[in-house]
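Trainee: Sequence:
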Amino acid sequence: MNATNSYLHSYSDLGLVINDMLARHQKLKQWQDQVFAGETTVRSQLNAFSITADAILTVSHPLIGHFERVTQTWQAGMSVPLAEMSQAWQLAGAAQLRLVQLEQEMVKLQKEIRQFTQDLEQKKTDRDKLKQWGWLLLIFVIGAFLLIKAYLSHDGYIKETDELDANIHVLITKVEELKQAISGQQQIIDHNSQMLAVARQHALRVVEECSGLSGQFFKAQFEECQLAWQNTMQELPPFFWGDWSETAWRAYGFKAAYRTAFLLTGLIRDNFPSTDAPFVVPAFADFARKNQTVVLEGTEEQTLALMHTLILQLAVLIPYGAVFTLLDPASAGQAFPMRRSLPEGLVRHIGADIYRDLEIVSEDISRIIHTYLDDQTRSFDELPEHIKANERFEFIFAANFPDGYDRRTIEILQKISRNGPVAGKYLFIQKSPDKQLPRDLSWDDFYQCWHFNNPQMSDEYSVAPLICPQGAAQSMILQLLAAQKPPEAKITWQDVIDNNPEKWWSEEVSRSISAPIGMSGRDKMLTIWFGVNRDGRPCTHGILGAMTGSGKSNLYHVLICGLATRYSPEELNFYLIDGKHGVEFQAYRCLPHARVVALHSAPELSRSVLEELIAEMGRRNDIFKRLGVVDLSGYAQQGLPEKIPRIVLMIDEYQELFEDDRLGHASAMLLQLAQQGRSAGIHLLLGSQRFGAVGMLNQTAIFGNIHLRMAMKMSLSDIQSLTEFGRDGKRLISQCDQPGKLVLNDQSGDDRANEFGKVALLETSERARLLAALVAKADVEWPLERRFAIVIFDGEEQPNFIENPQAIDLLRLNSRPIGDAWQRIATAPVHERGLGASDWFDGEHPVGLWFGQEQNVHGQARIILRRRAMENILLVGENQAAIYGMLIGIVCSVPVNLAASRVRLWIMDRAVPGTPWKNAFSEMIDAVLVTLGYSLEQSNDAILLAEWLDVWCKELERRAALSEDDLAGQPTWLITMASVDRIPQLMRIQGKHHGLTDSPQGELLKRLCREGPMLGLHIIMTFPATGSLKQLFDRPQVEQFKHRIVSQISEADAFWLTGKDSAAKLQRVGAKPVFAIYADSVGGTETKLKPYTVEAQIPWHEQAQTLVGHLQKWQEG
1 MNATNSYLHS YSDLGLVIND MLARHQKLKQ WQDQVFAGET TVRSQLNAFS
51 ITADAILTVS HPLIGHFERV TQTWQAGMSV PLAEMSQAWQ LAGAAQLRLV
101 QLEQEMVKLQ KEIRQFTQDL EQKKTDRDKL KQWGWLLLIF VIGAFLLIKA
151 YLSHDGYIKE TDELDANIHV LITKVEELKQ AISGQQQIID HNSQMLAVAR
201 QHALRVVEEC SGLSGQFFKA QFEECQLAWQ NTMQELPPFF WGDWSETAWR
251 AYGFKAAYRT AFLLTGLIRD NFPSTDAPFV VPAFADFARK NQTVVLEGTE
301 EQTLALMHTL ILQLAVLIPY GAVFTLLDPA SAGQAFPMRR SLPEGLVRHI
351 GADIYRDLEI VSEDISRIIH TYLDDQTRSF DELPEHIKAN ERFEFIFAAN
401 FPDGYDRRTI EILQKISRNG PVAGKYLFIQ KSPDKQLPRD LSWDDFYQCW
451 HFNNPQMSDE YSVAPLICPQ GAAQSMILQL LAAQKPPEAK ITWQDVIDNN
501 PEKWWSEEVS RSISAPIGMS GRDKMLTIWF GVNRDGRPCT HGILGAMTGS
551 GKSNLYHVLI CGLATRYSPE ELNFYLIDGK HGVEFQAYRC LPHARVVALH
601 SAPELSRSVL EELIAEMGRR NDIFKRLGVV DLSGYAQQGL PEKIPRIVLM
651 IDEYQELFED DRLGHASAML LQLAQQGRSA GIHLLLGSQR FGAVGMLNQT
701 AIFGNIHLRM AMKMSLSDIQ SLTEFGRDGK RLISQCDQPG KLVLNDQSGD
751 DRANEFGKVA LLETSERARL LAALVAKADV EWPLERRFAI VIFDGEEQPN
801 FIENPQAIDL LRLNSRPIGD AWQRIATAPV HERGLGASDW FDGEHPVGLW
851 FGQEQNVHGQ ARIILRRRAM ENILLVGENQ AAIYGMLIGI VCSVPVNLAA
901 SRVRLWIMDR AVPGTPWKNA FSEMIDAVLV TLGYSLEQSN DAILLAEWLD
951 VWCKELERRA ALSEDDLAGQ PTWLITMASV DRIPQLMRIQ GKHHGLTDSP
1001 QGELLKRLCR EGPMLGLHII MTFPATGSLK QLFDRPQVEQ FKHRIVSQIS
1051 EADAFWLTGK DSAAKLQRVG AKPVFAIYAD SVGGTETKLK PYTVEAQIPW
1101 HEQAQTLVGH LQKWQEG
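First residue of the sequence shown: 1, per the UniProt record's numbering; consecutive thereafter.
Hint data in this document are derived by calculation from the structure and do not stem from the laboratory.
Computed beta-carbon distance windows for the label pairs:
#1 A166 with Q45: 53 to 61 angstroms
#2 D966 with A773: 52 to 60 angstroms
#3 L437 with D374: 31 to 39 angstroms
#4 G692 with Q637: 32 to 40 angstroms
#5 E766 with E68: 51 to 59 angstroms
#6 S633 with T548: 34 to 42 angstroms
#7 Q230 with E68: 24 to 32 angstroms
#8 L697 with E763: 36 to 44 angstroms
#9 K219 with E766: 45 to 53 angstroms
#10 N533 with K625: 22 to 30 angstroms
#11 T377 with G1109: 55 to 63 angstroms
#12 Q1112 with L962: 30 to 38 angstroms
The structure presented is a predicted model; accordingly, all values stated were derived computationally and were not measured. Where a beta carbon is used, it is the ideal one built from N, C-alpha and C, also for glycine.
Working from the sequences, and respecting the hints, build out all of it.
Mentor: Structure, rendered in structure tokens:
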């Protein structure tokens, strides 16, 4: 018999596995007994065999043919002794036969000797008698004397006696010979008897050797059987083998869920023969498959202990796969001391009105029956595992029944008893021996009661009750259970969405957009849609309420990716806004459909997105009005080549819109979008932990236009306070007890339109693969000239130059624009991929330089240098990482604007050597300007400044003498001096009359600042503080710098430099993110922005590679 491993494929197989194991165990024991008995028989046969046996000995070992070592040992060891025993038996047999013959001859001779002896003795007797009679005759008859004397002397008489003596002598001699022959045969028999005894001992030793091998064989068999069982048992909770130790439970890990029709009632205990290892097998009762109500009977102590055991057993059998309803009205819950230790979410809340709580259970039974069961699926147990996992079993334990239970409660328990099992809800009753049911109520009304009061017994084994530990051991097990992540039966992305990119983007959006997000019931798709359906019913906007950990983020991902695979980027756009602490939309920075991705978004930035959508709605309505249509569907019917995409605005933690919004702008914009967005194809999806929001005005009017209402797991208090759902809807929401469970209603919360289901799971790796496929598809099917750049905001990170949508739109062109082409791009509105610079005139040789990101949708912080007075740039601030980051942005902007022949750069960088900003600035100059072949002079040696100033001033004088036409052909010079505080020769010096006066080099510089911009020489200077700035310029001289960028400085310095205190309030919320103020001294405007910094989120060398790659294509073209 070969023991094989038993693998437990499902818990429903466990009864079969255990029966098989018990049968195997018993069969192995029986076989061992048979083998050992067979060996005993062989010993007896060997011991009983002798030379007098009737037949030759034939023996065999019972394991021959089953165990090779026994077979080999027996065959090799038994052949000689058995042959010797056979030979000895045969020789002794022959000798015995001859001995018998000789003994028979001996008997015959001895008989003859006795006969002859008798004859001889008779003769002698007769003679003696004659003598006696002769003497008498002599006395009485004298005459007869002579006659007798003659007779006595007769020769015949003497001859006869002599012959008899001779015969006796011969026979005696023969007898002696026979005795010797008999002795010889006896010696042969004795010798062969000894030989047989020696061979027998040899054979018995072989038997003992084989017996030892038999023991080893069965020990190995039992150990293999034991190992197979242990492997099976290791997959099960430790109480299946009676182990309550912390080590065993920590090793178990609660990884599996065993959904079963069996209930563990005790432990079958035995020992494995030959090993003395414990053999422990669970004993089961098949209760669920029979849809039984379990009634626990016995003493209060026994039934209470058993009830606790069952609760603990079921909790660990199905980790987070079951809900417990624990009823104990008589003793206010004292029957369930482990209630507080059970993991959160596993115990149904029971209030003062038990009947009402059980009514909810009954309603849930009805929902499950109506949702999942039909002719093909007749019970909860037959449902697919993922549905059972999502719905979960429910076990109702009624303690001290019927003590404390009123008639209504008993009747609804009877109803649950009848209808609950088919819906996966089972009733356990601890029967109180001292209490009776109320009059007119009967135990017969509880469906198929199974009265249980002790473990089942077996003919071969005893069954010990399974009693769970109390106190610390029980708490330890429940703590370990609580520490585990609830298992999920997942509906995968592939279950709801076609994953073939060739079939993507095949849907049209004229009337509506939709995407399946999961499953409702057994096989119905759960779908989110916006627009107008075929019946003319609208579903314009949506709202989602879901607490942390409910699966809200996954729902966002499934919806975004589902819509993105069904509709092309020209048909559908996303505006995605994360709250201040959100990271839900981080992955969509490269999604082709995304127009705006705002991460960790501050309230004012989020509100700017609403402003942009209000403006977009106005632009669309103007188009519709011009075409004589009323909505997006009407526009689509015109068949115009330019598509207007539907827009989905998704705001996670939307309540943050209303922070610091004292005038209610956010509420007003939401109301406007909610009321008017449908016709423009703009749809809102608002998400939060609850539906309402503090500070939200016009909530009723806004929600009145939100047809799609979705809820996932929410707190009980939030559910009870809901007005967005009806009674049935709130009841369903209370059953969202696992991540991904969702209640969806697309008819403004009407109770007749509730759908209950689960959202498909989109794994992070699958989402990344999907987004990569979408990008690849866009690269092939969506021409660059029709694309828009994605606007990306990250409230906690500094912006990246290479994500600047204005620069991206330019770089996507086939060549660098010049002349009129530049003019059209620059003056076009930002939403049309332009710069929105209405005063861009090619004759002024404008140069757009980007240095950060404004706090609004389309705002990219930029300076447009023109050949006008004061067109110089001043950067001031202690944060050198930001100052130099902005300089890098300016350097990167130059080749986007101007060909190498149109510009010359001079860079004097006096930053402290070895600082991160100096290294980064120098590396970017080389990576961009030098690589692209731009005319460049750079140095960090202040001694060269005098020489450079001379060159600059001569160029200034040369250009001043040129005609206007000739001047127009001169390249723009950008003269950058960084860390000017470390150029002492520029600073003012002590004059002759005790005042400060300009140094010679400082005087030349100030001339350049005054006269240079008109002639195409622009000065860019950086200072770490206004103190060093004041050493070079007085307040009127600073006016030569129209463009001033200031990071955090003191209030006094802010007023001195910009005339306002904004720059003193930039970092109120912390050092990061870094903010700056751009002040236009001529226009009198200030703009708050996030500057580029040296520590970019995307490393500058990577940004340089991307930038240079685009620019080199221009040069090659």
